[in-house]
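6 protein chains.
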Amino acid sequence: MIHITRRERFNAAHRLFRADYSDEKNNEVFGKCSNPNWHGHNYELFVTVKGDINNETGFLINLKVLSKIIKTNVINKLDHKNINLEVDFMKGKLASTENLAVSIWNELEDNVNVLGAELHCVKVVESENNFIEYYG
Amino acid sequence: MIHITRRERFNAAHRLFRADYSDEKNNEVFGKCSNPNWHGHNYELFVTVKGDINNETGFLINLKVLSKIIKTNVINKLDHKNINLEVDFMKGKLASTENLAVSIWNELEDNVNVLGAELHCVKVVESENNFIEYYG
Amino acid sequence: MIHITRRERFNAAHRLFRADYSDEKNNEVFGKCSNPNWHGHNYELFVTVKGDINNETGFLINLKVLSKIIKTNVINKLDHKNINLEVDFMKGKLASTENLAVSIWNELEDNVNVLGAELHCVKVVESENNFIEYYG
Amino acid sequence: MIHITRRERFNAAHRLFRADYSDEKNNEVFGKCSNPNWHGHNYELFVTVKGDINNETGFLINLKVLSKIIKTNVINKLDHKNINLEVDFMKGKLASTENLAVSIWNELEDNVNVLGAELHCVKVVESENNFIEYYG
Amino acid sequence: MIHITRRERFNAAHRLFRADYSDEKNNEVFGKCSNPNWHGHNYELFVTVKGDINNETGFLINLKVLSKIIKTNVINKLDHKNINLEVDFMKGKLASTENLAVSIWNELEDNVNVLGAELHCVKVVESENNFIEYYG
Amino acid sequence: MIHITRRERFNAAHRLFRADYSDEKNNEVFGKCSNPNWHGHNYELFVTVKGDINNETGFLINLKVLSKIIKTNVINKLDHKNINLEVDFMKGKLASTENLAVSIWNELEDNVNVLGAELHCVKVVESENNFIEYYG
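Residue numbers (the working numbering), protein chains in the order written: chain X, 502 to 637; chain U, 502 to 637; chain P, 502 to 637; chain E, 502 to 637; chain S, 502 to 637; chain Z, 502 to 637.
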């Protein structure tokens, strides 16, 4: 059993708020992250998959294929987008990094399984000081 | 003569577009950076000042003072903001990193001069692959 | 279950030695880290907590609260200090990064539990080539 | 139980290919990594060992000793070498990062055990976007 | 006048040696970098251009265009290649990072001028400890 | 003319204070950096030299020789030392990063000249947020 990790990146705008909260309440709970005019981040996404090495290729998984799966299912939907308004798999969810990591996992899991590997971890880095890891 | 550099960071949303361009033209010139729903970045700002070492303190400039000047005049106006809509010193300008660097220089120059030092460079890092430097 | 990590930093002086060792023995066991005049590091501290996402906020834990807990209980006691002489929770212990990681865990565990989350890992990075992880 | 990680680095040339594949097949499976004239990388190697803290020294393991073991058994055999042609422990294996990580584990395991610690993870970073982890 | 920098990356094999030197002399002058079986690096290339901001676009230069120029003229010729054997603009030159930086400058200068900007610096990073800058 | 930069690192303890200041005054001017029990840093030192490429070797300067000069004259005197108490070239000077950069320049200038190159810049990085550059 071996683990391989691929890093991809995306830039996006988002806002943390609840429509059923007053502006005051949103500000109290989410602080400046609730700014109605949005703010944004350079996100880093680390996707780790695990499985056995294929003796013929020496690979667990072809990294080009893994990269393409991540781009098609996740990056192309998030990059240079507004997470609250434009990302189908985040519709109706609070645009927190926690929810983002879980939703990215759900987008990737089946697509990784098809390759004969197993999704192990989705890590989303929001800034040099904060990151989320989800193991399913 | 010595150079000292202080790094500060801010997260912001922005959009590249011209109101006098059609959507098509905006997309042609600015690509996905023209997304009407905004996107964003973790920006890094490196401010370099130069001057002589003060023999009494061994400092060119007190870094806490420099940091406070940058935060008061620049970071607090940009962090968790929408550069197009909310930043007084970017009003009426295209929200490019080039214009951002020049505008930050203008906000800082007099405030650094007052400290007996000279502003040397404003560097704005938009992503790990792109950055702008302005020397006045 | 999700994991969230917060990075904080501190600069400190320390020395590795045993009072019951001769200078020669200290030098043999601890090398230049036993210098009686101290040396120091820029330490990075990564604190990982785990738990369930709060459906109302989309958070596992409010990062501002977590950051405040780490600063109050750990960073303020270590930053710009001498680990051997001035840090209450390191009194009587060898100032190794291993002992530092365990002691930081002990300072944080109860304070994290109160927030409804669980402390998962304390990682202390001493240099770009060396780091310690403690999982309790 | 505590974990300590040491980073070492090496630069090497390699090529991914099978002698029993045609050039076309090699190119199809391994892409530009199959270039017969070789290419290369700055590899980073992170070796994590685990065990109990020695109360007398405050160490899990003396990092100088760990570093020496890694250099003698791994780095000196890989640094500025051709992985396919010159590295004894890679002879007859596809020079993938996956196989490299497993082979490095095998070179280190007994040498770490002798020190009274246990090898926990070998992580090989091939580029800023790709890395492999092997846990035995 | 403003400066903009674009980073691109390439992986390549190379060897430092002179055909008119004996093996001993090559080893004496170039050390393990003269290994006849090659070694390699992850190179980082930072290309800085300077000029005036275009008032209509807020850009000095369109970064996508700059990136394409660098990829077409430099990266595609170097990435996953053997610098000594396969790179037209390095033919007959010692494959040192110094010569690489000068040669990359020569490949880029006219192509940047055509865009109405001026090439300012080519920086080639060979490892985290070594880099070359060439200003023409 | 080409520029080459070598990075070296050292860990050291220091304190900012004046013996002719009261404790209160030292605290007012130097803040927590004046702690009488010392603190410390992982310093990074970037030494840039410039000159012409030697046509026979393709080098501006042999990096191993440059590294040895930096280690002999600077790193070995600073690493795991107390800058205020133990470093000959800092005796009688305030242990600021500014003074450190100038003093390191003075230690290196003649030694670089002997190699047929010219010292261009000494950059001392004290933390990820602060660094000093000295150009002589």
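Fair warning: there could be bad hints in the mix.
Any copy will do: because identical chains look the same in the list, a pair fits if it lies in one copy or spans two.
Quick list of in silico lysine-lysine cross-link-like pairs, BS3-like style, CA-CA up to 25 Å [as the list claims (entries may be wrong)]:
no.	residue 1	residue 2
1	Lys624	Lys526
2	Lys592	Lys533
3	Lys526	Lys569
4	Lys526	Lys592
5	Lys624	Lys565
Calculated from the structure, these hints are not laboratory results.
Evaluation of the provided hints:
1. In this assembly of identical chains, Lys624 and Lys526 lie within 25 Å of each other by CA distance neither inside one copy nor across copies; the values are 29 Å within and 34 Å between.
2. Proximity of Lys592 to Lys533 under the C-alpha cut-off of 25 Å is found in both arrangements, the shortest distances being 22 Å within a copy and 21 Å between copies.
3. Within a single copy, Lys526 and Lys569 get their C-alpha atoms only as close as 41 Å, which misses the 25 Å cut-off; across copies the closest is 21 Å, which meets it.
4. With identical chains, the CA atoms of Lys526 and Lys592 are at most 25 Å apart within one copy only, with a shortest distance of 22 Å there and 29 Å across copies.
5. With identical chains, the CA atoms of Lys624 and Lys565 are at most 25 Å apart both within one copy (19 Å) and between copies (20 Å).
In this structure, only the earlier hint numbered 1 is contradicted, and the remaining ones agree with it.
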